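Residue numbers (this note's numbering), protein chains in the order written: chain A, 2 to 143; chain B, 337 to 629; chain C, 26 to 154.
Think of the hints as simulated: they come from the structure by calculation, not from any bench. Being a predicted model, the structure only gives us computed values, none of them experimental. Some hints here could point you the wrong way.
Stated by the list, open to error - The list that follows gives simulated cross-link-like pairs (lysine-lysine, BS3-like), each with its CA atoms no further than 27 Å apart: (1) Lys-536/B <-> Lys-35/A; (2) Lys-41/A <-> Lys-536/B; (3) Lys-616/B <-> Lys-133/C; (4) Lys-41/A <-> Lys-485/B; (5) Lys-133/C <-> Lys-603/B; (6) Lys-126/C <-> Lys-536/B; (7) Lys-14/A <-> Lys-485/B; (8) Lys-133/C <-> Lys-536/B; (9) Lys-14/A <-> Lys-415/B; (10) Lys-565/B <-> Lys-126/C; (11) Lys-41/A <-> Lys-565/B; (12) Lys-119/A <-> Lys-565/B; (13) Lys-603/B <-> Lys-126/C; (14) Lys-415/B <-> Lys-35/A; (15) Lys-415/B <-> Lys-41/A; (16) Lys-126/C <-> Lys-616/B; (17) Lys-98/A <-> Lys-565/B; (18) Lys-536/B <-> Lys-611/B; (19) Lys-35/A <-> Lys-485/B; (20) Lys-133/C <-> Lys-507/B; (21) Lys-35/A <-> Lys-14/A; (22) Lys-611/B <-> Lys-126/C; (23) Lys-354/B <-> Lys-415/B; (24) Lys-507/B <-> Lys-126/C; (25) Lys-133/C <-> Lys-611/B; (26) Lys-565/B <-> Lys-133/C.
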Amino acid sequence: MQSRQEKMMKIAKTVLHPLRTEVDIVQARHLVRKWAADLKFGLVDQTKIVTAASELSRNTIVYGGGGELTLRVLENGVRTGLELTFIDKGPGIPDLKLALQDGYTTGGGLGLGLSGAKRLSNDFEIESKVGEGTRVVIRRWR
Amino acid sequence: MNGIHMHTFARLSEVVEKNESSLLETWISEQLNTASKQGILEKGELRSQCFDFLSGLKQSLSNAKSDSESIDSAFSDLKDLLASISRARAVQGFSPSETAIFIFSLKRPLFSLLQAELAGDPKTMVAEILSVSQLLDDLGLYTTEIFQKTREEVIARQNQDLLELSTPVVKLWDGVLALPLIGTLDSARTQVVMESLLQKIADTGVDVAIIDITGVPTVDTLVAQHLIKTVTAARLMGAECIISGIRPQIAQTIVHLGVNLGDVVTKASLSEAFKIAMAKTGLMVVKKSQLKA
Amino acid sequence: MERIPILRLGDILLVTIQVDMYDQLAMTLQDDLTNAINKTRTRGVLIDISSLEMVDSFIGRMLANISSMSRVLDAETVVVGMQPAVAITLVELGMSLAGVKTALNVEKGMRMLRGALDAESPGEDDEDS
Chain A
2 MQSRQEKMMK IAKTVLHPLR TEVDIVQARH LVRKWAADLK FGLVDQTKIV TAASELSRNT
62 IVYGGGGELT LRVLENGVRT GLELTFIDKG PGIPDLKLAL QDGYTTGGGL GLGLSGAKRL
122 SNDFEIESKV GEGTRVVIRR WR
Chain B
337 MNGIHMHTFA RLSEVVEKNE SSLLETWISE QLNTASKQGI LEKGELRSQC FDFLSGLKQS
397 LSNAKSDSES IDSAFSDLKD LLASISRARA VQGFSPSETA IFIFSLKRPL FSLLQAELAG
457 DPKTMVAEIL SVSQLLDDLG LYTTEIFQKT REEVIARQNQ DLLELSTPVV KLWDGVLALP
517 LIGTLDSART QVVMESLLQK IADTGVDVAI IDITGVPTVD TLVAQHLIKT VTAARLMGAE
577 CIISGIRPQI AQTIVHLGVN LGDVVTKASL SEAFKIAMAK TGLMVVKKSQ LKA
Chain C
26 MERIPILRLG DILLVTIQVD MYDQLAMTLQ DDLTNAINKT RTRGVLIDIS SLEMVDSFIG
86 RMLANISSMS RVLDAETVVV GMQPAVAITL VELGMSLAGV KTALNVEKGM RMLRGALDAE
146 SPGEDDEDS
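My request is simple: use the sequences and hints to build the entire structure.
Printed below as a string of structure tokens:
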């Protein structure tokens, strides 16, 4: 299901990374850092996307029961972007609006992770269905 | 790189191998004759670039022969080499044509060689020339793309430098920096300026930084928020920011927009802010006459 | 199990974080510090994060926790050396770490801790030059 926006973007590279245990959070950070640096993002931009990735990776593992991260390089005319997709087949989020509120936590919940990641990214998309899982996509453009 | 038949590269590969040194010479003189920036195109550098390219081409052609995978992977090293040459020319100020001519000037020498070698077999010769032409066209376009990207990067960097130059950070005293902002602030500019201020704070190890906005006519919500974020970030680093020069109009706008300055220290004038900064660093200005002899 | 070493400098505990902070390591550090403060009856903790290129909400919460917890145990904590990019990102993330004392570097952090300690016991000759 390709949106018109997706069709316009040229996708240069794709890599998949498992998110199962805590170690994977650190690995994910490294991977995202490397990609962002290779794409010549400035230091602050790099830090922002790495931090967002850390938050979302943790969510995927701790609340989503594990999942995977997909990294993609996007080219939209003159702009280059780094896209991260976090997918899990966990319990899903019943109330997205509530979850995206700052500091919201169900004590075992999501805290600043989702809203923080949203603030740290240029684009933020989330789909979640209770009992099926969650999919979060973030993008940072140069 | 579509529609190029692998088997035809076998002939091209032979031709290049057999005639490498004469091809090199013809190609170099072809470029020197057409180049307008002859002086800048340093002959030694050009020679080594052409030599490296031909070696790379040889390698790619033999990769393409044996590699059943893809044309793209066979030519990836060659493309990397092209990218670095193209980038260098972009930075040196060559025009896009002057950069692409590196590839396109190879056409005539190669075609001549193919014509000579395959004179007795016109069908093959035409097929070869067509594939070579397509190959070189693709490489030439790639060169131009990289050139374009590099130019954009150079411009972006120049903009950045300009931005930093136009917002100098001043050391007022030991441990006190001042950033006098002048002119209209937009969100992007404010962000860049704030980032460089924080870096300056880290580099100089000052305790206090004064952001003076006396010279700023208006401030919108985004800019105000950036300022507040900067103050918070500086605090996280261990330094303090004072915002000075808030004119009545700006104060009104801030209240109107509902922006919460929280406990950000603000002072009407730079001099008041300076007094506070001095106090925070444990300094005091005393009249000489007040000092006991 | 990997742990971050805690050094003792007089009556101040010094922690330098130089590795990737994964969650378990952060939790272990919190526990180790609590025990160390208790055991050594320290009055000050200095956490050097100048090597950290990223601080997310988990690590941020750890720093806030250590700060509050040390205060309960009658010790002050100062976090030093946060990199500008990290600071900007933390603020954007939504963490201001309001209750955490900070300083630009180890030297200033030490001075801050000493200053606080000296203020509490004015009779001692404890000038640092």
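Consistency of the hints with the structure:
no. : hint                    : verdict
1   : Lys-536/B <-> Lys-35/A  : holds, 26 Å
2   : Lys-41/A <-> Lys-536/B  : holds, 22 Å
3   : Lys-616/B <-> Lys-133/C : holds, 14 Å
4   : Lys-41/A <-> Lys-485/B  : holds, 12 Å
5   : Lys-133/C <-> Lys-603/B : holds, 26 Å
6   : Lys-126/C <-> Lys-536/B : holds, 21 Å
7   : Lys-14/A <-> Lys-485/B  : holds, 18 Å
8   : Lys-133/C <-> Lys-536/B : holds, 17 Å
9   : Lys-14/A <-> Lys-415/B  : holds, 17 Å
10  : Lys-565/B <-> Lys-126/C : holds, 17 Å
11  : Lys-41/A <-> Lys-565/B  : holds, 25 Å
12  : Lys-119/A <-> Lys-565/B : holds, 17 Å
13  : Lys-603/B <-> Lys-126/C : holds, 24 Å
14  : Lys-415/B <-> Lys-35/A  : holds, 22 Å
15  : Lys-415/B <-> Lys-41/A  : holds, 19 Å
16  : Lys-126/C <-> Lys-616/B : holds, 16 Å
17  : Lys-98/A <-> Lys-565/B  : holds, 25 Å
18  : Lys-536/B <-> Lys-611/B : holds, 21 Å
19  : Lys-35/A <-> Lys-485/B  : holds, 20 Å
20  : Lys-133/C <-> Lys-507/B : holds, 19 Å
21  : Lys-35/A <-> Lys-14/A   : holds, 13 Å
22  : Lys-611/B <-> Lys-126/C : holds, 24 Å
23  : Lys-354/B <-> Lys-415/B : holds, 23 Å
24  : Lys-507/B <-> Lys-126/C : holds, 25 Å
25  : Lys-133/C <-> Lys-611/B : holds, 22 Å
26  : Lys-565/B <-> Lys-133/C : holds, 23 Å
Checked against the numbered hints above, the structure violates none of them.
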